[in-house]
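Number of protein chains: 2
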Amino acid sequence: MAPHLDPFFKQVDGLAESFIERLRKAVAIPSVSAQDENRQDVFRMAQFLASELEALGAEVHQRPLGKQPGKEHLDLPPVVIARYGNDKSKRTILVYGHYDVQPALKEDGWATEPFQLTVDNQGRMYGRGSTDDKGPVLGWLNVIEAHKKAGVELPVNLLCCFEGMEEYGSEGLEEFIQAESKGFFKDADAVCISDNYWLGTEKPCLTYGLRGCNYYSVSVAGPAQDLHSGVFGGSAHEPMTDLVHVMSKLVDTHGNILIPGIMDLVEPLSEEEKALYPNISYTMDDLHQSLGSKTSIHPTKERTLMARWRYPSLSLHGIEGAYSAPGAKTVIPAKVIGKFSIRTVPNMESKDVNKLVFDYIKAEFAKLNSKNTLDVWLQHDGKWWVASPKHWNFTAASKAVKQVFGVEPDMTREGGSIPVTLSFEQATGKNVLLLPMGSSTDAAHSINEKLDKRNYIEGVKLLGAYLHYVAEEPMVAA
Amino acid sequence: MAPHLDPFFKQVDGLAESFIERLRKAVAIPSVSAQDENRQDVFRMAQFLASELEALGAEVHQRPLGKQPGKEHLDLPPVVIARYGNDKSKRTILVYGHYDVQPALKEDGWATEPFQLTVDNQGRMYGRGSTDDKGPVLGWLNVIEAHKKAGVELPVNLLCCFEGMEEYGSEGLEEFIQAESKGFFKDADAVCISDNYWLGTEKPCLTYGLRGCNYYSVSVAGPAQDLHSGVFGGSAHEPMTDLVHVMSKLVDTHGNILIPGIMDLVEPLSEEEKALYPNISYTMDDLHQSLGSKTSIHPTKERTLMARWRYPSLSLHGIEGAYSAPGAKTVIPAKVIGKFSIRTVPNMESKDVNKLVFDYIKAEFAKLNSKNTLDVWLQHDGKWWVASPKHWNFTAASKAVKQVFGVEPDMTREGGSIPVTLSFEQATGKNVLLLPMGSSTDAAHSINEKLDKRNYIEGVKLLGAYLHYVAEEPMVAA
Numbered sequence: 061m062a063p064h065l066d067p068f069f070k071q072v073d074g075l076a077e078s079f080i081e082r083l084r085k086a087v088a089i090p091s092v093s094a095q096d097e098n099r100q101d102v103f104r105m106a107q108f109l110a111s112e113l114e115a116l117g118a119e120v121h122q123r124p125l126g127k128q129p130g131k132e133h134l135d136l137p138p139v140v141i142a143r144y145g146n147d148k149s150k151r152t153i154l155v156y157g158h159y160d161v162q163p164a165l166k167e168d169g170w171a172t173e174p175f176q177l178t179v180d181n182q183g184r185m186y187g188r189g190s191t192d193d194k195g196p197v198l199g200w201l202n203v204i205e206a207h208k209k210a211g212v213e214l215p216v217n218l219l220c221c222f223e224g225m226e227e228y229g230s231e232g233l234e235e236f237i238q239a240e241s242k243g244f245f246k247d248a249d250a251v252c253i254s255d256n257y258w259l260g261t262e263k264p265c266l267t268y269g270l271r272g273c274n275y276y277s278v279s280v281a282g283p284a285q286d287l288h289s290g291v292f293g294g295s296a297h298e299p300m301t302d303l304v305h306v307m308s309k310l311v312d313t314h315g316n317i318l319i320p321g322i323m324d325l326v327e328p329l330s331e332e333e334k335a336l337y338p339n340i341s342y343t344m345d346d347l348h349q350s351l352g353s354k355t356s357i358h359p360t361k362e363r364t365l366m367a368r369w370r371y372p373s374l375s376l377h378g379i380e381g382a383y384s385a386p387g388a389k390t391v392i393p394a395k396v397i398g399k400f401s402i403r404t405v406p407n408m409e410s411k412d413v414n415k416l417v418f419d420y421i422k423a424e425f426a427k428l429n430s431k432n433t434l435d436v437w438l439q440h441d442g443k444w445w446v447a448s449p450k451h452w453n454f455t456a457a458s459k460a461v462k463q464v465f466g467v468e469p470d471m472t473r474e475g476g477s478i479p480v481t482l483s484f485e486q487a488t489g490k491n492v493l494l495l496p497m498g499s500s501t502d503a504a505h506s507i508n509e510k511l512d513k514r515n516y517i518e519g520v521k522l523l524g525a526y527l528h529y530v531a532e533e534p535m536v537a538a
Numbered sequence: 061m062a063p064h065l066d067p068f069f070k071q072v073d074g075l076a077e078s079f080i081e082r083l084r085k086a087v088a089i090p091s092v093s094a095q096d097e098n099r100q101d102v103f104r105m106a107q108f109l110a111s112e113l114e115a116l117g118a119e120v121h122q123r124p125l126g127k128q129p130g131k132e133h134l135d136l137p138p139v140v141i142a143r144y145g146n147d148k149s150k151r152t153i154l155v156y157g158h159y160d161v162q163p164a165l166k167e168d169g170w171a172t173e174p175f176q177l178t179v180d181n182q183g184r185m186y187g188r189g190s191t192d193d194k195g196p197v198l199g200w201l202n203v204i205e206a207h208k209k210a211g212v213e214l215p216v217n218l219l220c221c222f223e224g225m226e227e228y229g230s231e232g233l234e235e236f237i238q239a240e241s242k243g244f245f246k247d248a249d250a251v252c253i254s255d256n257y258w259l260g261t262e263k264p265c266l267t268y269g270l271r272g273c274n275y276y277s278v279s280v281a282g283p284a285q286d287l288h289s290g291v292f293g294g295s296a297h298e299p300m301t302d303l304v305h306v307m308s309k310l311v312d313t314h315g316n317i318l319i320p321g322i323m324d325l326v327e328p329l330s331e332e333e334k335a336l337y338p339n340i341s342y343t344m345d346d347l348h349q350s351l352g353s354k355t356s357i358h359p360t361k362e363r364t365l366m367a368r369w370r371y372p373s374l375s376l377h378g379i380e381g382a383y384s385a386p387g388a389k390t391v392i393p394a395k396v397i398g399k400f401s402i403r404t405v406p407n408m409e410s411k412d413v414n415k416l417v418f419d420y421i422k423a424e425f426a427k428l429n430s431k432n433t434l435d436v437w438l439q440h441d442g443k444w445w446v447a448s449p450k451h452w453n454f455t456a457a458s459k460a461v462k463q464v465f466g467v468e469p470d471m472t473r474e475g476g477s478i479p480v481t482l483s484f485e486q487a488t489g490k491n492v493l494l495l496p497m498g499s500s501t502d503a504a505h506s507i508n509e510k511l512d513k514r515n516y517i518e519g520v521k522l523l524g525a526y527l528h529y530v531a532e533e534p535m536v537a538a
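One line per chain: the protein sequences are A and B, in this order. Sequential numbering of the first sequence, starting at 61, is according to our numbering. Sequential numbering of the second sequence, starting at 61, is according to our numbering.
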């Protein structure tokens, strides 16, 4: 045990109630970035963070990002950036989090007031933003405060990047990171993001990979306007019929992607990688619990986790332009647009995937021999990300987990994407670590979002311990 | 020529401007049955009709239908029923129409104010309800007025049934017709409905058949709530995938219904029936013009009209529960409900069709080997209707067309359904004739709905002449 951690840990325990109070104040500010009427609250939340950081002695700036594209009457919330410590002999760690939250209304089904932190007798702290992402953001502030009060010097320089538009597409952030990578962030030796979750509820994890996502639209059009199915049914090619046929050729019920060539792009599974899976703390019961059903495809946790993390998947999301309301309407839609996406993994390059998708869909449509017109295009793509889990950034975090929780962390990937991860990696050229604080049951984005007191308080210890191990790791990049 | 028609025709020509004025007053009342805020206008329109009929000397009643199911704060508009003439030696004709209209807003794209009748220099009279169905309803009133003013006795007893909820599902009407078939309507010898359209713009038609419609929902459900495709894509059976596969097995791009056994239920085409088609005034250009595209399935007008009128068709309308908005959302919908309908024809019995549909869909779903759950059910059905075009009711109408327009009418069927037709046939046991006034270009239900002056004024002559020929036809049922 690093000798200087004990006083820090004790201080964290002693400050636990005031850390919870800090979270209570933050949750009380409804910083919902998606709702115009809350924009001032998002600004208030930025000011709250900036004030707290200044009170702790950090150098703080609120950087404006201009007007919101498409909503020019609204200013984008600022990025709150801060520096704590400027000792050239120390490593510099850049941490990211976001201070905006998802919308929440009591009448959506919350058991408590969503913007009023409510702690139950099992230590579950309910409130919008508690786990996503105000708890982790305040975690870094708590680390500084506990060090100061314990009289322990922070072993690294800390750079903070807290944004206020994460839940609404991180408008303007990528350009900001790109620019500041040569500016305010130029000293960063590594990046740490705390904005995801443990795989389960007991064991912490470090996350070293994310899938990418290529999102497609495929449209079929025929008549000039919607038609009445009584009048035209049987005499005209129906776009919906063609689209459903094409969409049925993309993926089968067992999740196999039917587009030839896609699986050839996937990095083969090595024995070394395969060996990582059996030890991961996860069960089929965990999956069934999160699904709320037993409709899993694979029989084992290993195949399930591989399907989620290291193999691509294709999901059909819906159809625009068709009849989607309850009830009955006898319409032949004139133009329908199917939406589907492919989760991508190493070594799938977006342009290769696009070519396979476009060629195949056009070929399948041609087979139908329809007079309708098909078009298919990429709506957006985001690349997959895989970091080296042997980098000192990960080794330090792993030791910190062992120190605080007494277990080796699971080394995980995630099936979804966190675009900012790749932005930081590409802009800074440094290793990025995802170090989650919350657990799998925290219900981010849902009703009754919560953060467990244990995850919050031990999480503060974890973030602090991580910085100490970071300071000690030898300078060998993996 | 029946000697008593000339003075009637002359009177109609003389009254043309006042007939248009009557239509102007009716169009000015926005009797939109689907919009709560217009309910009082629907009542006003009923009162307008009742007053006009009373002024002409008819016995009139406004029959209440009670509260609107599901909207108990609203009274259903009354059925306006009327009797003109009560001479036991005359035939009695029951006519139906509706005085409510579709919604319309100038900003939907109307070139003129929708509730202000606007006549252009080609005699096109634009206004909501002009052709559907205020023009035809007033047509009967105009017939009475022209007879009175010409001093010509109406050769039949006329019973009117004008409803105010046709555009919103004809709430309560079927029970009303059923009850009154033994009451106010008990003397009816035949029924005439003017609420459809010519096949083209030049030649009138008589309509003797309608397709029925069986509307189905097929649901696939799996997880307890919507899932994130990043997190769960590849590890869970996706309801949308299964539904799209099942829906793709129902119909092909050329309109062929793929459900085995359906086509075996269809009455074979006789040589006699086949011979009716070549003479019908319709071209592939007409079809392409109404489609606004050349995406027709069949190469000839004969096969096109048969596909529309005398063969079943299956249309996929849409999917409820999937992502249907513009843009991109990476959701795996937890439960999706596909909507499709089959247009039915003789001799398809609803229960036989249902059994074939249900069995086939369940069998196709079973082949997928999915852990999701499928359900399929009938949302509603309406039976097809085919009358004998050799009945005196049709013969009379045919002679009237020849008299007024100088041509033999096309004998047509329609691909859609007009449920009230079957209600009248079943309740009264009498022959029902569909005798349209408007033309194929009238744009009922669309923006810029219109009725041509020629169709309106010559249409009044047609309705009157029809009553005269009805009175002369020998009493031989076909």
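A few of these clues could be false.
Put simply, identical chains are the same to the list, so a pair is met inside one copy or across any two.
[To be verified] Taking lysine-lysine and the DSBU-like style, the derived pairs with C-alpha atoms no more than 35 Å apart in a straight line are:
| id | residue 1 | residue 2 |
| --- | --- | --- |
| 1 | Lys-443 | Lys-389 |
| 2 | Lys-70 | Lys-354 |
| 3 | Lys-462 | Lys-422 |
| 4 | Lys-334 | Lys-361 |
| 5 | Lys-427 | Lys-389 |
| 6 | Lys-85 | Lys-389 |
| 7 | Lys-415 | Lys-209 |
| 8 | Lys-361 | Lys-131 |
| 9 | Lys-427 | Lys-209 |
| 10 | Lys-361 | Lys-85 |
| 11 | Lys-242 | Lys-427 |
| 12 | Lys-431 | Lys-361 |
| 13 | Lys-148 | Lys-411 |
| 14 | Lys-361 | Lys-389 |
Hint data in this document are derived by calculation from the structure and do not stem from the laboratory. All values reported here derive from a predicted model rather than from experimental measurement.
Results for each hint:
For a Cα distance limit of 35 Å, the shortest separation of Lys-443 from Lys-389 across copies, 17 Å, qualifies, whereas the shortest one inside one copy, 40 Å, does not. In this assembly of identical chains, the alpha carbons of Lys-70 and Lys-354 never lie at most 35 Å apart, being 44 Å within a copy and 78 Å across copies at closest. Neither within a single protomer nor between protomers do Lys-462 and Lys-422 lie at most 35 Å apart by alpha-carbon distance, with minima of 53 Å and 53 Å respectively. In this assembly of identical chains, the alpha carbons of Lys-334 and Lys-361 lie at most 35 Å apart only when taken from the same copy (12 Å versus 64 Å across copies).
With identical chains, the CA atoms of Lys-427 and Lys-389 are at most 35 Å apart both within one copy (29 Å) and between copies (29 Å). In the homo-oligomer, the alpha carbons of Lys-85 and Lys-389 lie at most 35 Å apart only across protomers (32 Å), although the nearest pairing inside one protomer, at 49 Å, exceeds that limit. For the homomeric pair Lys-415 and Lys-209, neither the shortest alpha-carbon distance inside one copy (58 Å) nor that between copies (76 Å) is at most 35 Å. Proximity of Lys-361 and Lys-131 under a CA criterion of 35 Å is satisfied in neither setting, with 45 Å inside one chain copy and 52 Å between copies.
In this assembly of identical chains, Lys-427 and Lys-209 lie within 35 Å of each other by CA distance neither inside one copy nor across copies; the values are 72 Å within and 67 Å between. Within a single copy, Lys-361 and Lys-85 get their C-alpha atoms no closer than 40 Å, and across copies no closer than 73 Å, so neither meets the 35 Å cut-off. Neither within a single protomer nor between protomers do Lys-242 and Lys-427 lie at most 35 Å apart by alpha-carbon distance, with minima of 53 Å and 58 Å respectively. Proximity of Lys-431 to Lys-361 under the C-alpha cut-off of 35 Å is restricted to the inter-copy arrangement: shortest distance 17 Å between copies versus 46 Å within a copy.
Taking CA atoms no more than 35 Å apart as the test, Lys-148 paired with Lys-411 passes in neither setting, with 42 Å inside one copy and 83 Å between copies. Proximity of Lys-361 to Lys-389 under the C-alpha cut-off of 35 Å is restricted to the inter-copy arrangement: shortest distance 27 Å between copies versus 43 Å within a copy.
Checked against the numbered hints above, the structure violates hints 2, 3, 7, 8, 9, 10, 11 and 13; every other hint is satisfied.
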